[in-house]
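Sequence lines, in order, name chains A and B. Position 221 of the first sequence, counted from 1, bears residue number 221 in our numbering, the numbering being contiguous throughout. Position 15 of the second sequence, counted from 1, bears residue number 15 in our numbering, the numbering being contiguous throughout.
If you are wondering where the hints come from, they were derived from the structure by calculation, not from laboratory data. Where a beta carbon is used, it is the ideal one built from N, C-alpha and C, also for glycine. Treat the hints with care, as some may be off.
Sample of chain A residues facing chain B (criterion: CB under 7 Å; computed from the structure) [to be verified]:
#1 Thr4
#2 Ser10
#3 His99
#4 Leu182
#5 Leu186
Here are the computed distance ranges between Cβ atoms for each label pair [to be verified]:
#6 B:Arg69 <-> A:Asp210: 36 to 42 Å
#7 A:Glu165 <-> B:Leu42: 55 to 61 Å
#8 A:Asp183 <-> B:Cys88: 22 to 28 Å
#9 B:Arg25 <-> A:Leu178: 26 to 32 Å
#10 B:Glu55 <-> A:Ala80: 57 to 63 Å
#11 A:Glu165 <-> B:Arg69: 41 to 47 Å
Cut-off 20 Å, straight-line C-alpha distance, at most; resulting in silico cross-link-like pairs (SDA-like, lysine to any residue) [to be verified]:
#12 A:Lys156 <-> A:Leu114
#13 A:Lys156 <-> A:Cys98
#14 A:Lys156 <-> A:Leu109
#15 A:Lys156 <-> B:Ala79
#16 A:Lys5 <-> B:Gln19
#17 A:Lys5 <-> B:Gln58
#18 A:Lys156 <-> B:Ser40
#19 A:Lys5 <-> B:Phe83
#20 A:Lys156 <-> A:Glu187
#21 A:Lys156 <-> A:Arg191
#22 A:Lys156 <-> B:Gln35
#23 A:Lys156 <-> B:Arg84
#24 A:Lys5 <-> B:Gln62
#25 A:Lys156 <-> B:Glu107
#26 A:Lys5 <-> B:Glu80
#27 A:Lys156 <-> A:Asp195
#28 A:Lys156 <-> A:Thr205
#29 A:Lys156 <-> B:Ala82
#30 A:Lys156 <-> B:Glu77
#31 A:Lys5 <-> B:Ala60
#32 A:Lys5 <-> B:Gly20
#33 A:Lys156 <-> B:Pro38
#34 A:Lys5 <-> B:Arg69
#35 A:Lys5 <-> B:Leu78
#36 A:Lys5 <-> B:Ser40
#37 A:Lys156 <-> B:Arg24
#38 A:Lys5 <-> B:Ala79
#39 A:Lys156 <-> A:Ala211
#40 A:Lys5 <-> B:Ala32
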Amino acid sequence: MHRTKVRVASDVLDANTTIARANRADFDRAGVRVVNLMSAPGAGKTALLERVLMNGLGGVRAGVLEGDVQGSFDADRLSALHVPVTQLNTDPGFGGECHLDANMVRSALGAIALDEIDLLIIENVGNLVCPAEFRVGEDARAMISSVTEGEDKPLKYPLMFRTCELVVINKIDLLPHLDFSLDRFLENLDRVRPDVEHMLVSARTGEGVDAFAGWLTAVARRQAPAA
Amino acid sequence: MHELALSRAILDIALEHAQGRRVRRVDVTIGALRQVVPDSLLFHFEIVSRGTVCEEAQLAAQLAPARLRCACEEEWELAEPAFRCPRCDGADVSVLDGDQLRVDAIEVEEAPCIAPR
């Protein structure tokens, strides 16, 4: 026996990227724009979606793909708004994946009526690390960071903050009750992701939610890149 | 957490290139900008490779530091997540190195050649 070195030079996530491209091609064909919405658990992804979808998106027909490790609690909340919601669990058993990947989203495509929507919002599994690594075929990535999570989060999870084109700062109605310094948070955000678009919202009171609805509407109206 | 999924992806790539040969070593490069914990990757790789030709293969992880370049031509190595240019404070910064997650090579055992009679 002797040993031979075999050159590989392959991106570890090549397989995921290939499937993400296939997803994207399907979305483009159907004229559907896709937002990958990410945050830590409990930052308010579902609450914010309830707010914006309750008021509608100015004629944009939105659907939601709800990613969770377990259960359909979020999907149940959203389906009360008469928005098409598809539940995607990362594992039917115990201990599923902590993120959505392109193949999981692909497996759910058949259950989504793409011809009936203009915008698909993928609510990723609550997690500030893993979802950032996996493209799923989205046009845009947005994340929510809530003020109860602390000012240091951009510094602790730079990959997530760097990978998103919009940072929504939620729960601002709680600011008077917290030691959270918004200025410090914005400084940290600027260090990690200079000039990134951000908005201040409260899903609870509705403050600032129109701006997020406006951003979603603008994404829905983006042109698909020429094939 | 996602090191489990990543170690499976590394295993798939190694198996594809091994073509049935026993794998002794897998060389990977982990960029500093990826939030990958090398120890966790090794731990998970050992588990997912059991029962395959990669069982007992050494996963050798090399870390690539993050290098950035600003439009003003300043280049620097990133020690902490601060992405504005230290010279001009600009934000038009590109990543030169440190955002990769790559399988570079594998080392496989070849059966000795048997010369035809």
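task = Would you pick out the hints that fail for this structure and give their numbers low to high?
result = Hints 4, 5, 7, 9, 10, 11, 12, 14, 19, 25, 26, 28, 34, 35, 36, 37, 38, 39 and 40 not satisfied by this model.
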